[in-house]
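Asks: Start from the sequences and build out the full structure, keeping to the hints where you can.
Line by line, the protein sequences are chains A and B. Residues in the first sequence are numbered consecutively from 448, following my numbering. Residues in the second sequence are numbered consecutively from 448, following my numbering.
Derived by calculation from the structure, the hints in this document are not laboratory data. Please read these numbers as outputs of a predicted model, since none were measured by experiment. Check the hints yourself; a few may be wrong.
A pair counts as met if it fits within one copy or between any two copies, since identical chains are not told apart.
Straight-line C-alpha distance at most 30 Å; calculated BS3-like pairs for lysine-lysine [claimed, not checked]:
(1) K604 x K473
(2) K465 x K659
(3) K576 x K552
(4) K644 x K771
Protein chains: 2
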Amino acid sequence: REMSSVPSTARWEKPQGKNPPVVMEKRFEIVGRGVALVIGCGTFPTWNTYPGLFAALVTGNPVIVKAHPNAVLPAAISVKIVRDVLAENEIDPNLVSLAVVADLKATRALATHPAVRSVDFTGSNSFGKWLTENARQAQVYAELAGVNNVVIESTDKYRSMLKNLAFTLSLYSGQMCTTTQDIFVPADGIDTDEGHKSFDEVAADLGSAVEKLLSDAVVATAVLGSIQSPETLKRIEEAPALAAQPSDIVLASRKLDHAEFPAANVHTPLLMKTDAANEAAYMQERFGPISFIVKVADATAAVALSEQIVRERGALTVGLYSTKQEVIDAMTEATMRAGVALSINLLSNVYVNQSAAFSDYHATGANPAANASYTDSAFVANRFRVIQRRWHV
Amino acid sequence: REMSSVPSTARWEKPQGKNPPVVMEKRFEIVGRGVALVIGCGTFPTWNTYPGLFAALVTGNPVIVKAHPNAVLPAAISVKIVRDVLAENEIDPNLVSLAVVADLKATRALATHPAVRSVDFTGSNSFGKWLTENARQAQVYAELAGVNNVVIESTDKYRSMLKNLAFTLSLYSGQMCTTTQDIFVPADGIDTDEGHKSFDEVAADLGSAVEKLLSDAVVATAVLGSIQSPETLKRIEEAPALAAQPSDIVLASRKLDHAEFPAANVHTPLLMKTDAANEAAYMQERFGPISFIVKVADATAAVALSEQIVRERGALTVGLYSTKQEVIDAMTEATMRAGVALSINLLSNVYVNQSAAFSDYHATGANPAANASYTDSAFVANRFRVIQRRWHV
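Replies: Structure follows, in structure tokens:
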């Protein structure tokens, strides 16, 4: 749409009083900005690569897909198919190529090459920061770390809420960029359709819901998948030390055996209680199946804390459970100020960590978790230029 | 258009096999990115300020117009009218404000303030570079220096061509960001409808055309306007020293008296011949009424030199005079590669340094003279974000 709205030709007349007008013919050509580098991530080697790949390709740029060393095959298959399709259409298949380099130095050299005019990246804050500081010749589209969170103020469907959250925490072992990490619950507990629930009851019930979901080994291994990187395994191992006391660990992470893939590192989610004062524990991203049930003073404090985290640490998703319109309104205002998508009272088979293609804006670009959305005009409009020429008729 | 294409609501259904579908209601809000800073320039305090001002305002951002110290009044009048219109429509007029600061430090503090999320700037390469390196919290839209140029290969309307170029060189004393600085002419001269013209004849005839245009003092002062900055006056004074020999000065700059404004610094254009080897003279921007007729080996060398300058130094405009389709094609290819707008054989009252509103793309963003066009999707699409929320129906 951004490209089709550029006219390819125009005839322009400049009135000259009583004389005939000056008439000019104009041509407008869409020209790509240059080589696009798309740096894939290990957890979602296709989902997070395709938006940048196709946005760059469709706007007229050659693309180099730099595969994550842990996930070369999915990228290679994708690139091969793209190249086949290009060749079938008599377009030079070298328009899209695959870079397989394990050395960070090689990636840095690619990203800072003068011919590279855009870089799409999903990954760590540290490399994202390096890119924006060093790949100055390119437009950088970066999806980085964030601290996704959910506020629970009240609910009229307690069991459904717990089931919904349990699935969110478990799916792909919390290795989605959209997985909830922090769940804010008032110290006085919450009102539900099953009566008032204390903070500790909510925590325990959520732990039970996760356990129940994962009690069947076949379901569990299918939902959890395996842990992608050694760093995540290390985080799972070290996270229990963040608990102020052993009883704060609501649910310990267990290693499961996978019947079909014995070498797979399958781990159930780790769930901890913590006080809002313990910011060091829950206010930074702990990527993987590690979540905190954070005790906050009240609903107002929960909304404020959620907004603060989105502003300072970034987030791709925020959720809210509340039966009160004023709380929903306050959270809506907070998420608009902080710039993050809000899911309200999700219960059925729709989860806060899922973005629907062609219906949800994945990331906003308005908070530190990402400087771009995958699905808006800004993601494509700056990848091409319009070059015009004009002459008298 | 970028904003109106974002739906404000959506109803989304997720099929559930034999069960009724999950139905969700979604809302999408357009939210500005934050405070916009528009830094005006001295030569065009309104024309170069309005695009950023209105692009930022219409996408929901408060705007601070930082006026150039030499041109506060036009900015102040504009801001006052905008504020009046806002107030008339019961919108807080403080949405648009004027910053009048002479101290560069104050401008730097403004540009790097965390609340400022976009900076529009027209001006020097040095401050533009400083902005992109330091105002990292903001999206910077910068129009900088460039070396606009014209290639003359041949013409079938010699007199009209000279008249057209003479006006371009004279208008506003060459202080337009689109004014031609370098004119490339083959060493062997050019074919015209008045027979073959040698390099020296073309140079002399262009000088005469400028002199003739400015022979009437009333016309001259109206066309030339006055020199805006002391730096430009200094450049006019020093530029003759760039000539390899006194005879290379085709036309010396003369100071004219303005009947109505005795204090105005009115100066006629300085026109010099130079050899293509003398790169130090013509390959950097010499802002103001200073132009070079550059002797190149042949038409092919002229096209190549034009492309090289656009790539390395940037340009907002490039022109060509040629009766040969193959030269027009070569220049078209060169300007598409280098990313600059091309005007071909301009003769009548249309000049290479004029961009028509709603018809020409001013700047391309594809060469060093500017990182954005004023008139494409990319100029507005990245100034706002879409924040969504969703819930079950």
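Asks: Run every hint past the structure and note whether it holds.
Replies: Outcome of the hint check:
In the homo-oligomer, the alpha carbons of K604 and K473 lie at most 30 Å apart only across protomers (21 Å), although the nearest pairing inside one protomer, at 63 Å, exceeds that limit. Taking the closest pair of Cα atoms, K465 and K659 come within 30 Å of each other only across two copies (25 Å); inside a single copy the shortest separation is 86 Å, beyond that limit. With identical chains, the CA atoms of K576 and K552 are at most 30 Å apart both within one copy (16 Å) and between copies (26 Å). In this homomeric assembly, K644 and K771 come within 30 Å of each other (Cα to Cα) only inside a single copy, at 17 Å, whereas the closest approach across copies is 85 Å.
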